[in-house]
Each structure stands twice: as C-alpha cells, then as structure tokens.
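Chemist: Just so you know, the sequences run in chain order Y and P. Following our numbering, the numbering of the first sequence begins with 20 at its first residue and continues without gaps. Following our numbering, the numbering of the second sequence begins with 20 at its first residue and continues without gaps.
Simulated from the structure, these hints should not be mistaken for lab results. Any given hint could turn out to be false.
Any copy, or any two copies together, can satisfy a pair, since identical chains are not distinguished.
As the list claims (entries may be wrong) - Each computed SDA-like pair below joins lysine to any residue, with the alpha-carbon atoms no more than 25 Å apart: (1) Lys-85 with Ala-53; (2) Lys-32 with Ser-66; (3) Lys-85 with Ile-73; (4) Lys-85 with Gln-103; (5) Lys-84 with Glu-44; (6) Lys-109 with Asp-50; (7) Lys-109 with Ala-53; (8) Lys-32 with Leu-71; (9) Lys-109 with Leu-71; (10) Lys-64 with Glu-99; (11) Lys-109 with Gly-86; (12) Lys-109 with Asp-72.
This structure is a prediction, so every number in the text was calculated from the model and none was measured.
2 protein chains.
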Amino acid sequence: MSKYINEMNDIFKALNDATRREILELLRQKDLSAGEIADAFNISKPSISHHLDILRRADLITSEKKGQFIIYSINTTIMEDVLQWILTFKK
Amino acid sequence: MSKYINEMNDIFKALNDATRREILELLRQKDLSAGEIADAFNISKPSISHHLDILRRADLITSEKKGQFIIYSINTTIMEDVLQWILTFKK
DNA sequence: TATATATTTAGACAAATATCTAAATACTTT
DNA sequence: AAAGTATTTAGATATTTGTCTAAATATATA
Numbered sequence: 020m021s022k023y024i025n026e027m028n029d030i031f032k033a034l035n036d037a038t039r040r041e042i043l044e045l046l047r048q049k050d051l052s053a054g055e056i057a058d059a060f061n062i063s064k065p066s067i068s069h070h071l072d073i074l075r076r077a078d079l080i081t082s083e084k085k086g087q088f089i090i091y092s093i094n095t096t097i098m099e100d101v102l103q104w105i106l107t108f109k110k
Numbered sequence: 020m021s022k023y024i025n026e027m028n029d030i031f032k033a034l035n036d037a038t039r040r041e042i043l044e045l046l047r048q049k050d051l052s053a054g055e056i057a058d059a060f061n062i063s064k065p066s067i068s069h070h071l072d073i074l075r076r077a078d079l080i081t082s083e084k085k086g087q088f089i090i091y092s093i094n095t096t097i098m099e100d101v102l103q104w105i106l107t108f109k110k
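Using the sequences and the hints, build the whole thing.
Modeler: If you want it as structure tokens, here you go:
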C-alpha cells in the first residue's frame with residue numbers, strides 16, 4: 020500500500036521526462052547498450068546513465084552486463100501497473 | 020507532433036505528484052469545489068489551488084464557476100492519450 | 001454597503017532535478 | 001602489463017517544483 024504508492028511515485032517520476040520516455044521507446048524496439056542509447060541523444064553519457072538509473076529503479080528497464088557492455092532491456096510488466104491505474108478512470 | 024510531445028509533457032508532469040493523483044481519484048467519484056478538495060488534504064488552500072491549476076493546464080480536469088464556488092470535474096478523455104501511449108508497450 | 005466566504009495571485013524559500021565535466025571502475029585487447 | 005573502450009560515480013550548478021503566508025479578487029449575505 021505505502022509500497023504501492025512509492026512504486027507509483029517512482030514510475031510516474033521516471034515517466035516525467037521526455038528523454039526517459041524516448042529511451043523506453045527505443046528499448047521497446049530492441050535491447051541496447053548504454054553507449055548506443057547515449058548515441059541517440061545530444062546529452063552526455065553520464066546524464067544518460069543517470070536517466071537509465073532512474074528507469075531501472077522504477078523497474079521500467081533491466082540491465083545485464085555482457086562483457087564490457089551493459090545491455091538494457093525494457094520491462095513491460097511494470098507498464099501494466101500504470102495501465103491499471105489509468106483504467107480506473109475509464110468512464 | 021511537437022504539440023503532442025508538449026501535451027504528454029504536461030500530462031506526465033501533472034501525474035507526477037501523489038497529491039494531484041489523489042485529487043483525480045476524488046474527482047473520479049464526484050465533482051467537488053476547490054474548498055472541498057482542499058479539505059481532503061493537509062495542505063494549504065493556495066497549494067491545492069496550484070495543483071488544480073497544473074491539472075487544469077494538462078486538461079485532466081475542468082472548472083466551472085457556480086456562484087462563489089468553483090466546481091472541478093475530471094476530464095477522462097485525456098486519460099485516453101496516456102492509455103494509448105502505455106498500450107504501445109504492451110509487447 | 002459592509003462583512004463574510006471562496007478562491008486565486010504574488011512572492012519567498014527549501015528541496016528536488018537535469019545537466020555538465022572530471023575522475024573512478026571494469027573489462028578487453030595488444 | 002599497458003593502453004583503450006564502456007560505463008558509472010562524484011561533485012558542482014542552474015532550473016524547476018511544492019509549499020507557505022499575505023494580499024487580492026469575486027461573490028453572497030446581513
């Protein structure tokens with residue numbers, strides 16, 4: 020409950036940034052390394068790393084080390100929580 | 020397009036606050052005056068007024084003057100936009 | 001018309017956020 | 001082992017945000 024609220028806080032906080040929403044849209048198409056994600060934006064790698072951290076903390080993405088790369092993937096199951104919240108407003 | 024992005028920015032910004040999400044949940048049940056909404060929170064009336072302004076700017080709520088009261092209503096059609104965005108992630 | 005009620009506007013302030021550069025860490029290759 | 005590549009961590013800074021109190025505006029009532 021308080022846990023649920025915190026979860027929703029983290030999710031909405033993560034979604035409240037156009038760059039992070041774009042990262043999710045990229046990852047929706049395929050897994051990408053941190054560097055590949057950074058290359059898609061005119062933002063420094065440390066800043067992108069920070070965005071990835073926020074998305075990961077909200078559980079919207081997962082990461083896995085592959086050699087010297089870190090591969091990020093989207094976790095669509097969390098979107099289900101947002102979906103359910105939104106659906107309570109349908110009429 | 021850029022308009023769409025701004026709209027999404029406003030919507031997600033509005034949703035990125037637990038108090039504002041609670042206001043939406045209250046209004047989902049019935050229309051309320053600004054004062055009635057404020058009474059539901061331990062937050063000053065001016066702060067609630069500010070939250071209402073952010074929700075109204077995102078078009079998530081509408082307001083109508085009724086005598087000396089201002090009655091707020093939820094606008095669920097905007098939730099449809101969020102819903103559509105979320106749905107693009109459904110696998 | 002004077003007073004009370006409802007709400008917003010204005011202005012201030014502390015906390016959170018997005019960004020940057022520089023440095024640290026971890027892995028790979030030569 | 002040294003050098004190069006990938007990524008994060010640390011620390012700084014400017015902007016945004018949520019909150020407050022005080023004042024302004026608008027309507028209703030006595």
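Chemist: Are the hints correct? Go through all of them and say.
Modeler: So, going through the hints one by one against the coordinates:
Taking CA atoms no more than 25 Å apart as the test, Lys-85 paired with Ala-53 passes inside one copy only; the shortest distance there is 11 Å, against 54 Å between copies. In this homomeric assembly, Lys-32 and Ser-66 come within 25 Å of each other (Cα to Cα) both inside a single copy, at 16 Å, and across copies, at 20 Å. Taking identical chains as interchangeable, the C-alpha atoms of Lys-85 and Ile-73 lie at most 25 Å apart only when both belong to the same chain, with a minimum of 21 Å there against 43 Å between chains. Taking the shortest alpha-carbon separations for Lys-85 and Gln-103, neither the intra-copy value of 34 Å nor the inter-copy value of 33 Å comes in at or below 25 Å.
Taking CA atoms no more than 25 Å apart as the test, Lys-84 paired with Glu-44 passes inside one copy only; the shortest distance there is 21 Å, against 41 Å between copies. Only between protomers do Lys-109 and Asp-50 lie at most 25 Å apart by alpha-carbon distance; the minimum there is 16 Å, versus 33 Å within a single protomer. Proximity of Lys-109 and Ala-53 under a CA criterion of 25 Å is satisfied inter-copy only: 23 Å between copies versus 37 Å inside one chain copy. In this assembly of identical chains, Lys-32 and Leu-71 lie within 25 Å of each other by CA distance both inside one copy and across copies; the values are 13 Å within and 19 Å between.
For the identical chains of this complex, Lys-109 and Leu-71 are inter-copy neighbours only, at 20 Å across copies versus 31 Å inside a copy, given an alpha-carbon limit of 25 Å. Taking CA atoms no more than 25 Å apart as the test, Lys-64 paired with Glu-99 passes in neither setting, with 29 Å inside one copy and 34 Å between copies. Taking the closest pair of Cα atoms, Lys-109 and Gly-86 never come within 25 Å of each other, the shortest separation being 46 Å inside a single copy and 30 Å across copies. In this assembly of identical chains, Lys-109 and Asp-72 lie within 25 Å of each other by CA distance solely across copies; the values are 22 Å between and 32 Å within a copy.
Of the numbered hints listed earlier, those contradicted by the structure are 4, 10, 11.
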